Amino acid sequence: MMGVRTILGQWRSTAKEVWDRTLIVAKFLCVLHVTNTYICTPTLVYGPSMLPTLNLTGDVILAERISTRLGKVGPGDIVLVRSPENPRKTVSKRVMGMEGDRVTFLVDPKKSDRCRTIVGDNVYASRDSRHFGPVPCGLIQAKVFFRIWPPEGFGSLRQGE
Amino acid sequence: MGTPSFLWNFMKSITGGLIALTISDRYASIVSVHGLSMHHTFNSSTNSVLRSLSDDYVLVEKFCLANYKFTGGDVIVFRSPNNHKEKHIKRIIAMPGEWIKVPHSHDMLKIPEGHCWVEGDNSASSLDSRSFGPVSLGLVQGKVTHIVWPPQRVGQVRRSIPEGRFSF
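Chain order of the listed sequences is A and B. In terms of the UniProt record's numbering, the first sequence opens at residue 1 and continues consecutively. In terms of the UniProt record's numbering, the second sequence opens at residue 1 and continues consecutively.
Any given hint could be a false lead.
One-sided excerpt, in silico: chain B residues whose CB lies under 8 Å from chain A [what the hints assert, rightly or not]:
hint	residue
1	Val77
2	Arg79
3	His84
Straight-line distance between alpha carbons at most 25 Å, and here's what the computed SDA-like set of lysine to any residue pairs gives [claimed, not checked]:
hint	chain 1	residue 1	chain 2	residue 2
4	B	Lys110	A	Phe132
5	B	Lys85	A	Lys27
6	A	Lys27	B	Lys110
7	A	Lys72	B	Trp8
8	B	Lys87	A	Lys27
Treat the hints as calculated values from the structure; they're not laboratory data. Predicted, not measured: the structure shown is a model, and the values here were computed from it. Ideal placement from N, C-alpha and C gives every residue a C-beta, glycine not left out.
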């Protein structure tokens, strides 16, 4: 009798400890998710389409989500957008404008008042709005504002041109 | 006595809020359906007074967003291509690479890669791909699987494609 009760008691206290630890980890992951989705997230970007601003072999940058949620993204900003051709890919490009005044086709402001034209900095090696047209604002995920790796490039990535 | 327990309750409710937000973003959430564009599937009561009092509530699951696995006939929630603050609920009629006959015209349209064609079940009063064209799959926020309110209509939302919309 005594043996069973002490075993049961020990099991209960271990189970409680496991539950408490799991809850702490779960809460931490929730805070991480909310921060990454609504405030700011670090991302690895690679590829030639934003040379010379972003390196070919990969930079770690910080992208904030508050401006995109408020709609305060304008020409000259570097943004992370979900690719219109493959929604599983997120690409980084620069917003060129709403009117599309640098490209040959015209965006009718009444029909698509929330579309932006995006172009990569490296115009020779970038699939962007010149191929798939203006991009709906709902696909813009975050605005890039800071680079944290490599150390030589550490610093703010403000609006170019 | 007063302040520590108030702070404790405050922290607990913030934590609860964060957990609820994470679950509703990553796994499933419940949303209410406004409007008549999905009549007969949602909001199917014909009495206009009753209808305004009780919108249908549906369960939206987000597991499908991991790989963007959708099939024709699914009912999805997506951000409007014209206004990223609005969300719409419509049914997917055609997936990327398929051809669809554009209504009231003799054209056949091929759905581009990464896009889908959505239409409301109630064609008479639905603002959908017939007005704003194919919708990018990146705008999709979730898939509707069940109706959870009102109780007499609780059940699974079935996949179905309207007749005669495809080419061969």
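Going through the hints against the structure:
no.	hint	result
1	Val77	12 Å, violated
2	Arg79	4 Å, holds
3	His84	4 Å, holds
4	B:Lys110 to A:Phe132	15 Å, holds
5	B:Lys85 to A:Lys27	28 Å, violated
6	A:Lys27 to B:Lys110	46 Å, violated
7	A:Lys72 to B:Trp8	36 Å, violated
8	B:Lys87 to A:Lys27	29 Å, violated
When each numbered hint is compared with the structure, violations occur for hints 1, 5, 6, 7 and 8.
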